[in-house]
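Asker: Below are the chains, spelled out letter by letter.
There are 2 protein chains.
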Amino acid sequence: VEASHHGSIMEFGLRRAHGPNGALYASRAAYIGGASASSNVEAGYVFGIPIRGTMAHSWIMSYPDELAAFRAYAHLYPENCTLLVDTYNTLESGIPNAIIVLKELKAAGRKGFGIRLDSGDLDFLSKKARKMLDQSGVSEASITVSNELDEYIIDHLVHENVPIDKWGVGTRMVTGGDDAALSGVYKLAAKQSNGELLATMKLTNNPEKMSNPGIKNTARFYDKYGQALADLVFLESEKEALGKSIQNHNPILFHHPQIDYAQFILKHYTQADILLQPVMQNGIRLQEKSPLHILQKRCESSLKSLDSTSKRLLNPHIYKVSISSDLKAIKKDLIKSRTH
Amino acid sequence: VEASHHGSIMEFGLRRAHGPNGALYASRAAYIGGASASSNVEAGYVFGIPIRGTMAHSWIMSYPDELAAFRAYAHLYPENCTLLVDTYNTLESGIPNAIIVLKELKAAGRKGFGIRLDSGDLDFLSKKARKMLDQSGVSEASITVSNELDEYIIDHLVHENVPIDKWGVGTRMVTGGDDAALSGVYKLAAKQSNGELLATMKLTNNPEKMSNPGIKNTARFYDKYGQALADLVFLESEKEALGKSIQNHNPILFHHPQIDYAQFILKHYTQADILLQPVMQNGIRLQEKSPLHILQKRCESSLKSLDSTSKRLLNPHIYKVSISSDLKAIKKDLIKSRTH
Chain A
1 VEASHHGSIM EFGLRRAHGP NGALYASRAA YIGGASASSN VEAGYVFGIP
51 IRGTMAHSWI MSYPDELAAF RAYAHLYPEN CTLLVDTYNT LESGIPNAII
101 VLKELKAAGR KGFGIRLDSG DLDFLSKKAR KMLDQSGVSE ASITVSNELD
151 EYIIDHLVHE NVPIDKWGVG TRMVTGGDDA ALSGVYKLAA KQSNGELLAT
201 MKLTNNPEKM SNPGIKNTAR FYDKYGQALA DLVFLESEKE ALGKSIQNHN
251 PILFHHPQID YAQFILKHYT QADILLQPVM QNGIRLQEKS PLHILQKRCE
301 SSLKSLDSTS KRLLNPHIYK VSISSDLKAI KKDLIKSRTH
Chain B
1 VEASHHGSIM EFGLRRAHGP NGALYASRAA YIGGASASSN VEAGYVFGIP
51 IRGTMAHSWI MSYPDELAAF RAYAHLYPEN CTLLVDTYNT LESGIPNAII
101 VLKELKAAGR KGFGIRLDSG DLDFLSKKAR KMLDQSGVSE ASITVSNELD
151 EYIIDHLVHE NVPIDKWGVG TRMVTGGDDA ALSGVYKLAA KQSNGELLAT
201 MKLTNNPEKM SNPGIKNTAR FYDKYGQALA DLVFLESEKE ALGKSIQNHN
251 PILFHHPQID YAQFILKHYT QADILLQPVM QNGIRLQEKS PLHILQKRCE
301 SSLKSLDSTS KRLLNPHIYK VSISSDLKAI KKDLIKSRTH
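Sequences listed follow chains A and B, in order. Numbering of the first sequence is given in the working numbering, commencing with residue 1 and proceeding in unit increments. Numbering of the second sequence is given in the working numbering, commencing with residue 1 and proceeding in unit increments.
By construction, these hints were calculated from the structure, which means they are not laboratory data. From a predicted model like this one, the values you see are computed outputs, not experimental measurements. Check each hint, because a few of them may be wrong.
[Stated by the list, open to error] Chain B is faced by these chain A residues, among others (derived, beta-carbon under 7 Å): (1) 18; (2) 25; (3) 199; (4) 200; (5) 202; (6) 270; (7) 271; (8) 273.
For every residue, glycine included, the Cβ atom is placed at its ideal position computed from N, Cα and C.
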């Protein structure tokens, strides 16, 4: 979504997802992340996600010729009709045949029609296709592309100023491609002892893998433009004092989560949000369930508050997540008590 | 399984799989592929796959000390008790504490006990651990390892002659790691016209992406040692003639699926199997469903029939899958008819 400069991303991943359940939740995640539609009809049924799709190559191959296949499809789906032009020869057969049918649709007053490119050099072909469509009087026809797209390919194409209107993204979005798992773990942060919650943590020789002990929350600090400056992980027991400091716009001390001498003082900030809010207490839901389009909006505004340098695909600027002085103190105490 | 030299592979991937359904079928696939067990209890319930597991770090952290945690676990699971030794300090605390409890289990006549290493240098630590266990009179204790294992890591460790008995493989097996999707597609191979099936194919400028037309089958040829020599994709209409040729041990002509002049004649072979067998006809199942352990055996013997050079992780020898003369002929005809 970012790479396409908030263009129209359609999630096309069902056939390559890890099982029907993996596909369904990938469609949901894609929609929350900013995709405008999915080709997964069940995701439309279960979550109300808008459904979009185009024809398969087998549709075209099942007809004696490409033009007949396009006409039959346009007859069945006259609105938002997208014709797949790369079954035989994109420039010599697919686009010319599509133009014939798109002109017929236009004459009949139909809207939302276009073509889809699914192979070849999408930079070269989309520019050629745009020219051919414009010169044939169907300049309103949209160009959709697909074919193993990911954020890197989209980013490169956008930099080449391609006239692409819609992006069908499948496999690499729904499976994670070369990064198919989030290496998150849960670790015990506190344990109950005589009715009290005592902080605990995982110790290891690898400082990166040490967990932060205790019952925690996180505050996100913003500047006057609404840009996120840094996050501070703190103990719930510090919440009131921290809240007052924030209200008074006092300077706040941030510590690096592992490196002892790395710290900074945040002096200028306009606002801070507490990120973790209770959603359930004693088995009772405290907030209404948010509809999916609200989650999508929330995701969009969260991402917008991140500086663009943190969203760069190559060597992004690392957004700082620090720990509070109290959290650092109990972490050091626990390490000391276990290792000395 | 291959990399461990047919050691004991346990599938530990549930928490990182793509949804419960993805996890369940990953467990099934892992078992068919030669894993001996799964940590996914539902896979045991649904498919009868043997279930194995060990404790979590949080189990140990929930006790005042490591030894108490080990004792409590051994009390609950005295058989096949595997103690996780890397929560605090593997060599100075984890293994010494485990040895105390393993000796107690041994004295009580329990079997199948051992330790699990989940972090650090598994080569160094497994050798140290083996020595410590042997010198403490629990040489029967097994060593299990885990921690983002894949075939490359296992292969390297096995080459270092590590004393590892069991491998817990999770994320990278159930998600595919950096190769999370199989880029298979279905293409129309034939269409019905007046009750007849006519061969058809996908044409494209990319020869690798051209499909093979028609109703096909595949024969696999073996030498006298049962090693697979090559596969031949042929048209169902050639089946009888090919069967006779094979029976008479006639030489068979193999064509490269894309490159025109690349061909070879297979003169010496002992046996050939037809790989595709009908399993359903007119909605009726023709064969009994095979139980999972039979599928596992079939997979094992199929892999065994492949030369080890084809199973090498780095630059494997490419096993040849060729097409028959008749298939090549109709493929060329179809390409000609579409492009001239």
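Asker: All the hints need checking, so say for each whether the structure fits it.
Answerer: Structure-based check of all given hints:
1. For the restraint placing residue 18 of chain A at the interface with chain B, the shortest Cβ-Cβ distance is roughly 3 Å, inside the 7 Å limit, so the hint holds.
2. Interface hint at residue 25 of chain A: satisfied, since its Cβ lies 6 Å from the closest Cβ of chain B, which is below the 7 Å cut-off.
3. Interface restraint check for residue 199 of chain A: the shortest CB-CB distance to chain B comes to about 11 Å, outside 7 Å, so the restraint is violated.
4. With its C-beta approaching chain B no nearer than about 5 Å, residue 200 of chain A sits inside the 7 Å limit, and its interface hint holds.
5. With 7 Å as the threshold, the beta carbon of residue 202 of chain A comes within range of chain B, its nearest partner Cβ sitting at about 6 Å, so the hint holds.
6. Because the smallest distance between the Cβ of residue 270 of chain A and any Cβ of chain B comes to about 39 Å, over 7 Å, the interface hint for this residue is violated.
7. Taking 7 Å as the C-beta cut-off, the interface hint given for residue 271 of chain A is violated, the closest approach to chain B being about 36 Å.
8. With a least beta-carbon distance of about 30 Å to chain B, the hint placing residue 273 of chain A at the interface is violated under the 7 Å criterion.
The structure is inconsistent with the numbered hints 3, 6, 7 and 8, although it conforms to all the rest.
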